[in-house]
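Undergrad: In order, the protein sequences belong to chains A and B.
Using our numbering, read the first sequence as starting at 1 and increasing by one per residue.
Using our numbering, read the second sequence as starting at 1 and increasing by one per residue.
Each hint should be verified, as a subset may be incorrect.
In silico contact screen, one side only, chain B against chain A (beta carbon under 8 Å); selected entries [said to hold, decoys possible]:
(1) 76
(2) 79
(3) 80
(4) 143
(5) 183
The calculated lysine to aspartate or glutamate pairs, modelled on EDC-like cross-linking and capped at a C-alpha distance of 20 Å, are [claimed, not checked]:
(6) 218(B) to 149(A)
(7) 194(A) to 116(B)
(8) 194(A) to 168(B)
(9) 38(B) to 116(B)
Worth flagging that the hints you see were computed from the coordinates, not collected in a lab.
Only a predicted model underlies this, so the values are computations on that prediction, with no experimental measurement involved.
Cβ coordinates follow ideal geometry from the N, Cα and C atoms, glycine included.
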Amino acid sequence: MKQYIQELYTKKEFFTQAQEFFNQEGFIQLQEFFNQEQKEVVSSLTSLNLIPQETFSLNYSPLIHKKFDLDYSKISNLKIESIELIEFFKSKTFEEYLEQLTGFSIQFTKTQISKFNHSCFELIHDSKVTDSMLLDIYFFITKDEFEQEMGGHKVYTTFEEELFYINPTHNSLTCVFRDEELRTYTKYINSLAKEKEYIQIHTTFEILGSLEEDLV
Amino acid sequence: MSSQKSENSNNSTISSLDYFELSYWINPSILEQKDELKELFSNAKPYEHISIQHILKEELAQELEKALFNLNYEEFDTDLYHFFKTPDFKHITNLPPILKEFHEFIFHNNTIKWFEELTSTPLSLNHVGDLHSILLQQTHYLLCHDDQVDQRIIAFIFNLSHDFSKEDGGALEIFGHDNKNQPTLCENTIIPKFNQLNIFKVSEISFHQINEVLAQDKNRLSISGWYYK
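Produce the entire structure from the sequences given, and follow the hints as far as they go.
TA: Right, here's the structure in full:
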């Protein structure tokens, strides 16, 4: 792990501060997550950024979302670096890292790789409301910079107010604590974004309890 | 006609019966075509809707447009939409006279009965429905939804947008549905035009959206509302 991600994000003092921030804010975003000096990492990020459009399938349900999901039947066409990066987010190593980062005991649920560009969106939808406590993990890969007025950012909201935004920044890892009161959507990407696009690796973990004591 | 309108508008003589008569606002040729329009509405696919051009007398449409730019629009930005909207006209104090008169006309029994006949849909005469103005500019949109709220049954949109082409966006898109009553794809695209009335029946399949306005300097301006069951 230490070999691939920023050294800062593996230090004991960092975990203490990160857990404090995460417990207080309900989310944490780690910029420049992977160590880009590592050739293998740079190669895997670049490789995933270059996945051909035909590897993604349009997933359009007008009342729910419009995005392009990675078609797993075509995954054998991907470069080995891309597959390794995708597998990393499902790995036990990554799960243990997140446990240290958040202070929660967690269990992998699912991962989804999607591409977002002009006219893509995800609406708040009742079926997305969860009964259990979840950890949403987003990792973004893009050669573009998305300004907020272009859309594409994730919004976390309660019925009363919008709480925080997550911008799709390249090589950033975001962890969000999600319970039944929190809803999320991806803001419609408008024409100001022009040809810009980003790939999102969205992994979900169920929170089983605290590392120190079980949650009630 | 123009001078009479101007005089009435300035004096705000809303008690005049003129304002409640269909022939005061609506183009005579439209009133004459009621049976054909009724058939077009009821036969429309994938659900009952119609788009009527040159609905209002031109000078009145122009006065309405002019008055709208004196209103305060509030920005609405959520997961589903991004646009500017006025409060419901019935809640605006100091509403410009012509908009006040139009509001009274829209919810006058004669007008409701005309909509009833056109749409073959019983409408509530006792419920003053909603009426407001929506303004969409570049990057604004309203994603797919069905309008089903409370007892809404007929939706109407008086479009007052100039010079929109397909490439400018801002079109009203009518969606089809599958056998589970979920929206599928756009089956009819209505490009906004000045003095155009769009009407559709609100139901569990009345899926529609306004696609993103792409034009840089155009206002997609409308007055819209609902009649109730």
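Undergrad: Of the numbered hints stated earlier in the document, which are not met by this structure?
TA: Per hint list: 1 and 7 violated.
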